[in-house]
Amino acid sequence: MDDQKKVTVQILNAFTENDQGGNPAGVVLHADALSHENKLAIAQKVGLSETAFVSRSKTADFKLDFYTPTKQIAHCGHATIAAFSYLKQLGLLKGNLSSKETIDGNRKIEIQGDLAFMEQLAPTYVDPVERENDILNSLGLTKADLLSNAPIQVVNTGNSFLLIPVKDVKTLEDITPYFDAIENISEEFNLIGYYVFTIDAVAEIDATTRMFAPRYGILEEAATGMAAGPLASYLFDVLQQKQTNFKIQQGKYMSPPSSSALEVQLRVENETITGLMAGGKGVVANELEVEI
1 MDDQKKVTVQ ILNAFTENDQ GGNPAGVVLH ADALSHENKL AIAQKVGLSE
51 TAFVSRSKTA DFKLDFYTPT KQIAHCGHAT IAAFSYLKQL GLLKGNLSSK
101 ETIDGNRKIE IQGDLAFMEQ LAPTYVDPVE RENDILNSLG LTKADLLSNA
151 PIQVVNTGNS FLLIPVKDVK TLEDITPYFD AIENISEEFN LIGYYVFTID
201 AVAEIDATTR MFAPRYGILE EAATGMAAGP LASYLFDVLQ QKQTNFKIQQ
251 GKYMSPPSSS ALEVQLRVEN ETITGLMAGG KGVVANELEV EI
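Using my numbering, the first residue of the sequence shown is number 1, and each one after it goes up by one.
These are calculated hints, taken from the structure and not from any lab test.
Hints should not be assumed to be uniformly reliable.
[To be verified] Derived DSBU-like pairs: lysine-lysine, alpha-carbon spacing no greater than 30 Å straight-line:
(1) 94 - 108
(2) 71 - 88
(3) 63 - 45
(4) 167 - 242
(5) 108 - 247
Quick caveat: nothing in here was measured; it's all calculated off a predicted structure.
Input sequences plus hints: build the corresponding full structure.
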């Protein structure tokens, strides 16, 4: 077949902890000529939770399109960090401020040393109180497993995640996810997925987490940049942890473990979050040739 063409996909581990672990994302540069169907086919062949396609933009420094193996999504944190870390390493960024165009508008990017940070919006909160029992059942949890005085909330800083605060690390580790039930609730609240966390963590980090997103074909994910922003916002607004920098760990309790480090910097004016930057480090792991 002469009409097949090869596309190079870089695999980067984003949000690595001491250059280890992290969450792998595909990155395709010079994607201007690829159609929606091409991108979906490539994302399926790559088989990772997300692949970012980088092309020219008239309104930002780069246009990024994000694809899971099943659909296009508006934003992806770890694939953004992977893409901009790679662009920085290739010398394609002119300085430490950049921007991305997405199907949901433009967002700022900042480079701080080896870390890439992406802009997210001020948080919005929805209380899913009428579904609390169903949510707990979908994780094999009871009310006694939750952190006291910490409500389950849907939080959105660009994508919606269900934040579920559990009382300790052992509870987090012992979760039994029922993926069909999680998918149904995720559909109902238009979630990317569940972000279950505990603040009963080691001293250097503010929370450790697990992320379940079966609605997007991701049973469990090692690092989710778009969920770290909602969690930092929740810690500040709901748990009243009045700091502007949060360090979040993810992936340590998945099987197999892939421990990841995410950092969130809140922008706060008069005690109100006006926006935030979430970031981490991307490390090149592999290169694939995909035929389409």
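Legend entry - Hints breached by this structure: No numbers; nothing is violated.
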